[in-house]
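Can you make the complete structure from the sequences, with help from the hints?
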Amino acid sequence: MESSGRVEMPAAFEDALIDQLAQLIADMLDRLMAHNDQIPLLPESLTRFHSRSAPSITVLDYLKRIVKFTNVEKSCLLITLHYIDQICARMPLFTLSSLTCHRFIIASITVSSKGLCDAFCTNSLYAKVGGISVTELNILEREFLSAIDWRLTCTRELLQDYYVNLVRTHSSGQLVIAGSLSPTSTFSDSDLEMDSGQSRPPSPCEAVLRVRHRHRPSVHETSTILVDPATIAQDVARRPTVEQNMAFAALKESRGPAD
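Letter by letter, the sequence shown follows residues 1 to 259 of UniProt numbering.
FYI, nobody ran anything at the bench for these hints, they're computed from the structure. A quick note: this is a predicted structure, and the numbers were derived from the prediction, not measured. Some hints could be false.
[Unchecked claim] Just the calculated beta-carbon pair ranges, DEER-fashion:
1) Pro40 to Thr135: 28 to 38 angstroms
2) Ser172 to Thr122: 32 to 42 angstroms
3) Ala11 to Glu143: 33 to 43 angstroms
4) Gln38 to Gly179: 32 to 42 angstroms
5) Leu152 to Arg48: 12 to 22 angstroms
6) Gly179 to Leu42: 39 to 49 angstroms
Built from N, CA and C at the ideal position, the CB exists for glycine as well.
So this is what it looks like as structure tokens:
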């Protein structure tokens, strides 16, 4: 339903069309990649997920291809965001960029489908759909499971929170959750938690990266998308965040080479 330029989305992610979920996720990932592609690639940050060059297919078309040929379930699409949070918390140097996003997605879909669904495809099909070899997918799958510490599941409530925040932070600014009174992408400064403690305005990507978990007011961590600290070991949670590493790198660059 559309009213005054606004587009109404279902209240529950289960009721959304899977193509709608793909568009929401692609919109967020595109902004995240645009942000992370500006970060210099360091040798120590290279992973199995890095391609030599960015794939020519867009993230949205890649997700649509996966949806079409693998019959992936909605929960498996959404939990990809949870996996991003987990891996970025456990591997601070990892960034989801145009070089890593596509391989991350196909590895995530492969792992989540096997872990959450009664029926799933073979690795040969996932590899063909993803545009990589079976051998490469097998390696990525093992790397992925290790990176998330085999934590394959999360609650339905958490997936719903990801969905709501994807809607409310959509780049169009016109999406609303069914029953809400205003565009869900409109939020105040109180909805954001800046781990630096400074009052500078957030960048467009930081608005995506640092949306507060509204239904869990005890959450104070900063994550790539939406943090669930219950899934992160305390010693891991104390490591520098991606944003802190970026700020440190920017500081060193501004000071120039050491004398």
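Results for each hint:
With their beta carbons about 30 angstroms apart, Pro40 and Thr135 fall inside the hinted range of 28 to 38 angstroms. Distance hint check for Ser172 and Thr122: the Cβ-Cβ separation is about 37 angstroms, which falls inside the suggested range of 32 to 42 angstroms. Roughly 36 angstroms separates the CB atoms of Ala11 and Glu143, a value that falls within the hinted 33 to 43 angstroms. Between Gln38 and Gly179 the CB atoms are about 38 angstroms apart, so this pair conforms to the stated range of 32 to 42 angstroms.
Between Leu152 and Arg48 the beta carbon distance is about 19 angstroms. The supplied range of 12 to 22 angstroms therefore holds. For the pair Gly179 and Leu42, the supplied restraint of 39 to 49 angstroms holds, since their beta-carbon distance comes to about 46 angstroms.
Hint check: no violations occur; every hint is consistent with the structure.
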